[in-house]
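Protein chains: 2
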Amino acid sequence: MLDHASGRIDIARLQETLDGPWAEVRQAHRKHLDERFLPVYGETGDQARERITRLLGELPVELGIAAGFPAEYGGRSDVGASIVATEMLAQVDLSLMVKAGVQWGLFGGAVAALGTKRHHDAYLRDIVEGRIFGCFAMTETGHGSDVQQLRTTCVYDPQTQTFDLHTPHEAARKDYIGNAARDGRMAVVFAQLISGGRRHGVHAWLVPIRDEHGNPMPGVTIGDAGPKAGLLGVDNGRLSFDHVRVPRDMLLDRYAQVAEDGTYSSAIENDSRRFFTMLGTLVRGRVSVGGAASAATKAALAIAVRYGDIRRQFSDAEGDREVLLNDYLAHQRKLLPALATTYALHFAQTELVAALDEIQGGDGPVDEHRQRELESRAAGLKAAQTWHATRTIQACREACGGAGYLSENRLPSLKADTDVFTTFEGDNTVLLQLVAKGLLTGYRDEFGSLDGWGRASFVAEQVREMVLERTAARALIARLVGAVPGRDDEVAVTDRGWQLKVFEDREEHLLDSAVRRLRGGASTKKDRPFDIFNDVQDHVLAVAAAHVDRVTLEAFVAGIDATADPAVKELLSRVCDLYALSVIEANKGWLLEHGRLTPARSKAITGVVNGLLKELRPYMRTLVDGFAIPDAWLHAAILREEPARQDEMAAHDAADPQAAGADSPGGVADSAAAAP
Amino acid sequence: MLDHASGRIDIARLQETLDGPWAEVRQAHRKHLDERFLPVYGETGDQARERITRLLGELPVELGIAAGFPAEYGGRSDVGASIVATEMLAQVDLSLMVKAGVQWGLFGGAVAALGTKRHHDAYLRDIVEGRIFGCFAMTETGHGSDVQQLRTTCVYDPQTQTFDLHTPHEAARKDYIGNAARDGRMAVVFAQLISGGRRHGVHAWLVPIRDEHGNPMPGVTIGDAGPKAGLLGVDNGRLSFDHVRVPRDMLLDRYAQVAEDGTYSSAIENDSRRFFTMLGTLVRGRVSVGGAASAATKAALAIAVRYGDIRRQFSDAEGDREVLLNDYLAHQRKLLPALATTYALHFAQTELVAALDEIQGGDGPVDEHRQRELESRAAGLKAAQTWHATRTIQACREACGGAGYLSENRLPSLKADTDVFTTFEGDNTVLLQLVAKGLLTGYRDEFGSLDGWGRASFVAEQVREMVLERTAARALIARLVGAVPGRDDEVAVTDRGWQLKVFEDREEHLLDSAVRRLRGGASTKKDRPFDIFNDVQDHVLAVAAAHVDRVTLEAFVAGIDATADPAVKELLSRVCDLYALSVIEANKGWLLEHGRLTPARSKAITGVVNGLLKELRPYMRTLVDGFAIPDAWLHAAILREEPARQDEMAAHDAADPQAAGADSPGGVADSAAAAP
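Top to bottom, those sequences are chains F and S. Residue numbers are given in UniProt numbering: position 287 of the first sequence equals residue 287, and the series is strictly consecutive. Residue numbers are given in UniProt numbering: position 338 of the second sequence equals residue 338, and the series is strictly consecutive.
Hints listed in this document are in silico derivations from the structure and should not be mistaken for laboratory results. Some clues are possibly wrong.
One copy or two, it doesn't matter: identical chains are merged, so the pair holds either way.
To be verified - Computed cross-link-like contacts, EDC-like style, restricted to lysine to aspartate or glutamate with a CA-CA straight-line distance of at most 16 Å:
| hint | residue 1 | residue 2 |
| --- | --- | --- |
| 1 | Lys31 | Glu129 |
| 2 | Lys614 | Asp531 |
| 3 | Lys334 | Asp625 |
| 4 | Lys603 | Asp538 |
| 5 | Lys334 | Asp538 |
None of the values given here were measured: they were computed from a predicted structure.
Start from the sequences and build out the full structure, keeping to the hints where you can.
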């Protein structure tokens with residue numbers, strides 16, 4: 001039990017723990033992003049686009065939004081800071097975050113990562129300082145996830161020493177491209193490189209798409225993707241190229257070069273491998289989207305929890321006690337496990353950003369195994385955080401009732417703006433397959449297909465022997481797991497080692513059995529790889545989900561271990577229990593099927609979870625306050641008006657006891673007829 | 001196994017089965033609601049409101065939207081037809097449906113049900129024919145679900161023979177009121193009736209809120225709820241009354257009268273009971289919302305399934321077969337169980353509408369037990385259908401990737417417009433409590449509180465002995481359940497009797513144990529009823545959910561039994577298997593805990609579900625075609641453009657085999673980097 005006396009939490013200590021290594025970046029945002037940057041509700045699309053573009057130019061330099069670029073171009077080579085900055089921006093306005101993410105993350109990031117010094121010298125400072133707006137033109141209408149099969153072509157012509165960039169048919173047009181419909185002057189365009197009649201796979205070029213007057217360049221057709229569910233401030237558009245001439249030196253040629261005579265060369269021989277190496281440099285986009293989704297989730301939870309702490313739904317039958325929304329078990333069930341998961345994912349994201357910063361932030365060569373693991377982690381946590389955001393923001397909106405449906409209470413825009421995150425920067429289902437594939441092959445395969453997983457025989461040979469790689473705080477985790485006695489029944493379900501072991505066992509068993517099923521399938525229907533993999537697709541996705549759950553729990557455990565303040569540590573430990581047991585509860589069917597839980601223990605877990613809800617009820621507000629979101633950023637009318645209303649109502653009822661229903665025997669109503 | 005040869009379905013027969021008893025109402029809508037009525041994407045709020053109000057006046061008379069009113073006022077006393085009409089309208093445009101629902105359902109319905117002949121003669125025809133627009137002003141800012149405790153007062157003054165309608169403080173203002181911000185001329189206002197210094201509970205008055213020029217009446221303040229997540233065409237507003245004089249005869253006095261001298265009389269003595277009787281007449285609103293949610297779900301599924309049947313995601317590794325989105329197991333898992341549940345809920349809704357029509361459609365007195373059961377059913381199915389809509393439309397939007405985020409593909413508006421359904425016309429969680437309460441008390445209690453459930457001792461005595469009341473096709477269900485042998489393991493999991501029995505057992509056991517826990521709690525902490533009920537709130541909600549699942553399955557089984565066409569029957573039977581086993585799979589944790597499933601059988605179910613997905617894959621399109629949604633109504637650009645694009649791409653690839661990736665060994669990509 002949390003000791004309520006000693007457990008009084010110093011919010012500053014909690015915030016410190018959560019703010020983590022880039023605390024000063026977070027503080028700079030909290031300080032410098034004033035009300036000018038808050039979302040405006042009820043704008044037209046044009047108004048929103050105009051405002052967001054303007055604000056992009058007004059972002060205070062103190063934020064370090066371009067911190068990831070080298071110092072000579074206006075950054076400070078701090079990759080982690082740029083990711084954290086994007087996350088903070090997302091808490092204020094998601095259109096602003098996406099617009100900034102396109103400009104400095106995707107567009108600027110691609111020029112930096114795929115281009116060479118001449119591109120950097122010519123363009124990077126203008127990009128960093130917002131004088132050149134740009135797009136990241138990869139996705140095509142007909143090819144969302146299958147980016148290796150893009151149909152746009154870029155054919156080298158030695159005669160003119162130019163490339164011919166061309167959209168062969170409508171399904172090959174670039175689609176959903178941020179910054180394209182209104183502001184983009186240039187684009188990094190991905191297309192199939194063809195030289196001397198040979199195809200060399202997908203490469204990227206830096207291509208002007210508008211002239212200085214904002215008119216499309218010759219041969220470039222620009223369309224508008226039109227109104228969207230959310231992100232009204234982002235001008236998503238469509239680009240088509242009609243034999244556009246691109247100078248040879250506009251090929252972003254860090255990984256492959258085309259000589260004047262058309263000779264193609266690359267240090268990476270295999271087309272697929274080269275392509276995925278190029279993509280790998282762009283992993284920051286996914287890390288940013290995951291972080292942004294969690295930032296929005298935190299804002300939604302802060303609104304719902306604070307509202308639930310002031311809002312009375314029914315009066316207590318006896319009328320002698322104020323019952324608040326947050327006092328209801330059902331309400332706690334909606335918000336608290338989601339809040340615990342948000343904490344868990346926060347620590348996992350922090351760990352991921354640190355790993356990214358370490359692996360990609362240095363000057364030396366990147367360790368390939370670590371890079372692939374990083375990509376896998378980024379993919380898995382992006383999927384987990386964005387799905388969690390969609391679910392949780394929905395729950396928060398419902399928890400606020402009709403008020404949650406009004407734009408003035410912010411939840412509608414949080415919901416609508418983040419919705420696209422589950423399918424952009426990689427469709428979540430496809431990303432989880434990527435995670436599973438890494439686990440199945442130990443990141444050792446030949447960059448083959450994800451979808452058909454390459455030839456089945458190949459995969460069946462490659463699937464690795466099961467070795468679980470532990471993440472952060474290896475030694476600590478190993479010690480905790482090692483201390484669990486053989487017979488589970490003797491251990492409390494709040495034993496951290498037991499929880500870790502359940503998570504590990506689930507991943508191991510799922511992975512092991514997936515390997516067996518894939519091998520079995522491969523031996524019987526070698527000619528139909530699609531069917532072999534499709535038959536186990538749900539199983540394979542379950543492997544990935546279990547893996548992400550485990551690394552998330554391990555990150556949480558490591559985060560708690562690194563916390564100095566004892567009261568904060570104790571609180572986080574209960575939150576971690578709630579996270580771990582919520583996941584176990586959600587998967588109890590599988591655990592019972594596989595003898596990992598007895599029926600009695602499984603039933604007991606429900607009771608323990610409910611007990612944790614009761615124990616954490618007094619800390620709900622503390623837990624959202626720990627996110628340290630400035631009050632102004634929450635920008636929800638119910639939080640400004642509701643306390644005054646409740647006071648006024650209470651004062652009125654005190655003056656007129658009849659009004660409070662003291663004369664009505666049952667006391668409260670059992671029907672909810674809130675009118676539309 | 002479905003016999004694919006004999007199983008070729010005649011869509012007309014399937015449609016006939018689904019269209020049910022009010023088929024001609026459905027057909028009239030399909031015929032008369034042309035493109036004028038389709039949603040417009042990207043409008044401003046003002047444009048949307050203007051358009052929807054105009055369209056409301058242009059609704060073809062053939063639709064029978066006001067069919068529920070008596071013939072002398074322009075209807076034809078066909079309650080069922082009016083519900084089905086609302087549902088059909090929802091498939092075209094949800095703003096239009098809600099606006100119509102407010103006018104003819106809530107407002108007109110309240111005047112008809114709560115008023116007497118003088119109100120009917122004076123206003124009903126004008127309401128039916130749209131000359132008087134009105135509002136249903138119940139909900140207050142401070143009282144969403146607890147409508148019995150509204151704070152607005154209406155005090156009778158015998159001197160002037162008028163009521164004094166007053167909003168005592170801001171939390172008592174009427175909020176979220178449809179039709180208030182722009183169009184409403186009158187409102188049915190709910191307030192506490194006080195006469196001779198005595199309070200008599202909540203009653204309703206018909207109150208003019210605007211004059212003929214559209215200006216607020218003296219003492220009436222009208223506000224605008226402002227931009228919302230969706231339903232842009234509905235003018236939700238706020239009403240406050242500053243000592244507004246309401247003539248005595250504007251009290252809607254079917255259930256209670258106030259004489260000139262202020263004497264209050266009612267045939268129903270108990271204030272609570274009278275209030276709930278009044279509310280009970282308004283149950284149609286909930287039935288309509290549930291139906292509307294399902295109508296929108298069907299449209300979303302039709303879009304996602306049809307898109308998944310034309311869209312290729314990756315090419316098959318061998319390139320010799322077109323793999324469509326719908327071929328992926330994970331995609332089937334997203335869409336097919338949701339589609340099966342939509343079918344199940346369709347039959348449950350049809351049964352509910354028929355019951356409503358039978359119970360409330362006649363002239364005679366309403367059987368109270370049946371009425372309460374109807375209210376419970378309406379509450380439960382409203383919650384089930386609206387949550388299912390929110391989840392399923394979200395899944396459909398994700399299943400369409402980035403395209404699902406563009407307004408032109410309709411999913412964003414389906415999602416945003418239906419979102420409010422989970423909390424309006426009764427918050428779903430509160431509604432499920434209502435269902436549970438009915439089950440716990442056998443609909444016999446004294447209309448006490450829902451929230452504190454009245455005094456605990458009272459409830460503890462009242463909780464009924466467990467008797468499961470069967471619904472439709474009692475005899476058939478009993479026969480199927482009766483035929484299940486004692487040892488489960490011997491029965492196939494596709495045995496309908498076994499499935500029904502699992503559903504029944506789950507409800508019975510949950511109800512039984514909830515009763516025991518409530519009694520146990522009551523005997524130990526009599527003084528804290530809130531705590532007693534709060535401790536088991538999750539359990540009690542599980543009872544309600546299990547109940548709704550059972551009545552839904554039984555309705556599906558009855559619907560199949562009534563189907564004449566053998567091929568349709570066979571197909572529906574497989575869909576019913578998928579529904580039943582999906583629910584069992586989702587609840588396998590509980591079933592394993594309680595020994596209702598063995599681990600082996602539980603694992604087997606996952607395999608059977610996957611087998612059903614494979615079996616039903618060829619019928620996905622058939623199943624959405626059965627909804628008979630006119631092509632134009634789907635109103636999604638991807639369905640119009642995609643087939644042409646895919647053809648063009650295929651033709652291009654055929655001419656240039658290299659483009660199809662034939663030279664890339666793995667064949668397909670494992671990374672999805674769709675750009676924002």
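Hints, verified against the model:
Neither within a single protomer nor between protomers do Lys31 and Glu129 lie at most 16 Å apart by alpha-carbon distance, with minima of 21 Å and 58 Å respectively. For the identical chains of this complex, Lys614 and Asp531 are inter-copy neighbours only, at 11 Å across copies versus 48 Å inside a copy, given an alpha-carbon limit of 16 Å. Proximity of Lys334 to Asp625 under the C-alpha cut-off of 16 Å is found in neither arrangement, the shortest distances being 18 Å within a copy and 36 Å between copies. Taking identical chains as interchangeable, the C-alpha atoms of Lys603 and Asp538 lie at most 16 Å apart only when they sit on different chains, with a minimum of 13 Å there against 27 Å within one chain.
Taking the shortest Cα distances, Lys334 and Asp538 sit within 16 Å of each other only across copies (11 Å), while inside one copy they are farther apart (27 Å).
Checked against the numbered hints given earlier, this structure breaks hints 1 and 3; the rest are met.
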